[in-house]
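Modelling step: build the complete structure from the supplied sequences, incorporating the hints.
Residues per chain, in single letters:
2 protein chains.
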Amino acid sequence: MARKSSLSGFPEWLPAERVVEQHVLDTLRRTFELHGFAGIETRAVETLGQLLRKGEVDKEVYAVSRLAEDQEVAEGRRPATSPDDPKRLALHFDLTVPFARYVVENAGHLAFPFRRYQMQKVWRGERPQEGRAREFTQADIDIVGDGQLSPRYDVDVALVMAEALGALPIGDFLIRINNRKLAEGFYRGIGLTDTAGVLRSIDKLEKVGPEEVARLLQEEVGASAEQAEQALALAAIRTEDTSFVEQVRALGVQDDLMEEGLTELAEVIGTMHRRAPGRAVADLSIARGLDYYTGTVYETVLVGHEQLGSICSGGRYDALASKGNRTFPGVGLSIGVTRLVMRMLSQDMAVASRAVPTVVYVALTADEDWSAAQDVAGVLRERGIAAEVAVTAEKFGKQIKYADRRGIPYVWFLGAGESGHEVKDIRSGDQAPADPQTWMPPAEDLVPQVTAG
Amino acid sequence: MARKSSLSGFPEWLPAERVVEQHVLDTLRRTFELHGFAGIETRAVETLGQLLRKGEVDKEVYAVSRLAEDQEVAEGRRPATSPDDPKRLALHFDLTVPFARYVVENAGHLAFPFRRYQMQKVWRGERPQEGRAREFTQADIDIVGDGQLSPRYDVDVALVMAEALGALPIGDFLIRINNRKLAEGFYRGIGLTDTAGVLRSIDKLEKVGPEEVARLLQEEVGASAEQAEQALALAAIRTEDTSFVEQVRALGVQDDLMEEGLTELAEVIGTMHRRAPGRAVADLSIARGLDYYTGTVYETVLVGHEQLGSICSGGRYDALASKGNRTFPGVGLSIGVTRLVMRMLSQDMAVASRAVPTVVYVALTADEDWSAAQDVAGVLRERGIAAEVAVTAEKFGKQIKYADRRGIPYVWFLGAGESGHEVKDIRSGDQAPADPQTWMPPAEDLVPQVTAG
Chain F
1 MARKSSLSGF PEWLPAERVV EQHVLDTLRR TFELHGFAGI ETRAVETLGQ LLRKGEVDKE
61 VYAVSRLAED QEVAEGRRPA TSPDDPKRLA LHFDLTVPFA RYVVENAGHL AFPFRRYQMQ
121 KVWRGERPQE GRAREFTQAD IDIVGDGQLS PRYDVDVALV MAEALGALPI GDFLIRINNR
181 KLAEGFYRGI GLTDTAGVLR SIDKLEKVGP EEVARLLQEE VGASAEQAEQ ALALAAIRTE
241 DTSFVEQVRA LGVQDDLMEE GLTELAEVIG TMHRRAPGRA VADLSIARGL DYYTGTVYET
301 VLVGHEQLGS ICSGGRYDAL ASKGNRTFPG VGLSIGVTRL VMRMLSQDMA VASRAVPTVV
361 YVALTADEDW SAAQDVAGVL RERGIAAEVA VTAEKFGKQI KYADRRGIPY VWFLGAGESG
421 HEVKDIRSGD QAPADPQTWM PPAEDLVPQV TAG
Chain R
1 MARKSSLSGF PEWLPAERVV EQHVLDTLRR TFELHGFAGI ETRAVETLGQ LLRKGEVDKE
61 VYAVSRLAED QEVAEGRRPA TSPDDPKRLA LHFDLTVPFA RYVVENAGHL AFPFRRYQMQ
121 KVWRGERPQE GRAREFTQAD IDIVGDGQLS PRYDVDVALV MAEALGALPI GDFLIRINNR
181 KLAEGFYRGI GLTDTAGVLR SIDKLEKVGP EEVARLLQEE VGASAEQAEQ ALALAAIRTE
241 DTSFVEQVRA LGVQDDLMEE GLTELAEVIG TMHRRAPGRA VADLSIARGL DYYTGTVYET
301 VLVGHEQLGS ICSGGRYDAL ASKGNRTFPG VGLSIGVTRL VMRMLSQDMA VASRAVPTVV
361 YVALTADEDW SAAQDVAGVL RERGIAAEVA VTAEKFGKQI KYADRRGIPY VWFLGAGESG
421 HEVKDIRSGD QAPADPQTWM PPAEDLVPQV TAG
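Sequence lines, in order, name chains F and R.
1 is the number of the first residue of the first sequence in the working numbering; add one for each residue after it.
1 is the number of the first residue of the second sequence in the working numbering; add one for each residue after it.
Calculated directly from the structure, the hints in this document are not laboratory data.
Just so we're clear, the structure is a prediction, and the values are computed from it rather than from any experiment.
A couple of the hints might just be wrong.
Treat identical chains as interchangeable: a pair holds within one or across any two.
As the list claims (entries may be wrong) - Taking lysine-lysine pairs in the DSBU-like style, the calculated list, with each CA pair at most 35 Å apart, reads:
no., residue 1, residue 2
1, K4, K121
2, K401, K4
3, K4, K204
4, K398, K323
5, K398, K207
6, K395, K323
7, K323, K121
Structural data, given as structure tokens:
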């Protein structure tokens, strides 16, 4: 991570760094599949009409155009299209909008509730900064129903993510959970009807502090000093168990929607507290800004790295997608894989044991042994041991040095010693007779290991 | 494959189709890693200057621009940039150009010869047609040296690809191999100096036939009738072993570069013939059009699907990349994964046993059993068995029907029968007592299987 990417906001990893990222992706995939999520991918481009449908104008979008067409326009041989023509193509900025379109288009071929995971690159033209790239990988899980979706799935996705994140070498994390119904009902209950405006102000709490938010609420949403105080009192509630319910009730606000939200959040937090203790907290300050969630909302902080922002966020939509009078409610969470991996690498939180998959480097005694050496490597590979073969019979010292430089732990010598073959652990220097049909390295050498740094 | 993608040229797979694609990617990755290739990824965008550096103007490029900037230009608040401004960003159209840049940028951090695989999406704005998409996945392997690279690597990469493709359910394939030095030397030897022009014409042989190519050679390259005949005689040579050498010599042409090419190709074909019999052939008609190869060139056809075009192509570059007076020769091959998977799916060459990873669906007898059911599912998952849990205690018949509709093979019943638990194979209807700590499905049910259709 001493290197700077040659294009700001477009990080690229060295092989050993990629081993760490691949380990994260493999671990997530394994957890998601064990929980019955099917993997899909959607195309990288959507039409602008599709991308901006949910009013996500705040997301910086990258438009895409055929260079040949651009040249025709520049030469006056083709009429220019408007930059925001809804038919124009653009790169997706998240995986939720494309997934919603996929569900609508393929509804007749999917079995609902449909559980899917999706791990792909997304693009945003924002100013690059710590924790924010212009190209980054997200790993999403969503469960989407046809017409209805049990609130139990709100707990299900949180438990899956707690397990997935818990399997990564990232230390402690905390999923902070709130409920939009609770918050919006409460605001209405105290007489604030511009609930979106209140949420937008509350969303700034961590950045600007309660006093500034109180000012914003009064100036921008027209709240009285008491209303601002009450909204902030709600946002200050944070409990590991369901005791937040009593704390909310103590604020003395009556609202049906708020009650619905309290019941839903109590169910989620109660179950998380029992099944994944220490992983989740009811945090009534979580707003999730402009995103169009309608119930449970989630954010996740890495303990000790709170200023990094959320590494895994999401929520429930009453209508993730709709098709005619058919609606598809959904609930899901999205991990910012690149943000997480950048932090893991920059803070040496995780390290790869080597940069290459190779376990064994088969040395050559003579150039004409290459085919025999390939035979040995072939036997090792059939047994799942990654092996490569030298191409020229240089001095053994030089061949060992090459393996060492690439991080390959073992060098194999053909026809050396009494048994015909010998293998050398070049880290310890130990050399012993070996049979390609039976020799096996210790488990920790078989594939590159990623461990907490 | 009855469905049409909603954006022409941008295919998307249903979950069961994605299982097939994922199987292809997993199989390739495993083979590449067993042969010591390290996985890397490069960013999706390059500058136009970088992309068009090798003169690849024939590739249709997608340019990328921030929508906010486009709007500023349209409103006259920002000066327009030229469509072919070299600093403009565009999506990569292959993985070779980005890899060459990556090697140059990171040369100080890589150990050479550097073996890497790279499996990513690429984009080309070409007219979509059978076998050609605008967004598609490529899987590349390359070996790149610092200053020099043994010709043995030309065989190495071909053997790896023969093994990788041989592990896929795609039937027979044939790697057709030629050598640029052989061809160019031969053309020079018969007095044709515009060797690029000759290659361009020969490249059309399969599409337009020998008579048309003879006409092209005379009209466009200025060849005489005899020269055209000789060039076609060379292109007609095709042998499984090294007997092509004698056939070329019989044409009576003398040229040093040709001799070098003959030696290199004989080495490649001789070794392929011994180590991967039936997988490769010397085919002196292979030209690889405008690509800037300097030695061995490869194309691969799927036997019985020749009209699909090449599914795996590549070659050797004397200078894949350069940095000051340092050059990085490389040799590699690229699989057109999307092209291959499209064919596998459209011709039912391969089929997934199910669309979901889930092995066991844990049914509910009562709503309050959900936590106990999650415990059972948790034990199964810890043992590597993918499991999901019902959310409501509907009638068993309805729960079984749900599992059946999603393709889940087993339904688990809590507290049923004397032993406490029972599991039902819903395909056979067999139901038996089971212990979550010990029960294991047959290996073929553990993960979705992809088999020849």
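So, going through the hints one by one against the coordinates:
In this homomeric assembly, K4 and K121 come within 35 Å of each other (Cα to Cα) both inside a single copy, at 20 Å, and across copies, at 24 Å. For a Cα distance limit of 35 Å, the shortest separation of K401 from K4 inside one copy, 29 Å, qualifies, whereas the shortest one across copies, 54 Å, does not. Taking CA atoms no more than 35 Å apart as the test, K4 paired with K204 passes inside one copy only; the shortest distance there is 31 Å, against 44 Å between copies. In this assembly of identical chains, the alpha carbons of K398 and K323 lie at most 35 Å apart only when taken from different copies (26 Å versus 66 Å within one copy).
When the C-alpha separation of K398 and K207 is checked against a cutoff of 35 Å, the pair qualifies neither within a copy, at 57 Å, nor between copies, at 50 Å. Taking identical chains as interchangeable, the C-alpha atoms of K395 and K323 lie at most 35 Å apart only when they sit on different chains, with a minimum of 29 Å there against 70 Å within one chain. Within a single copy, K323 and K121 get their C-alpha atoms as close as 27 Å, and across copies as close as 30 Å, so both meet the 35 Å cut-off.
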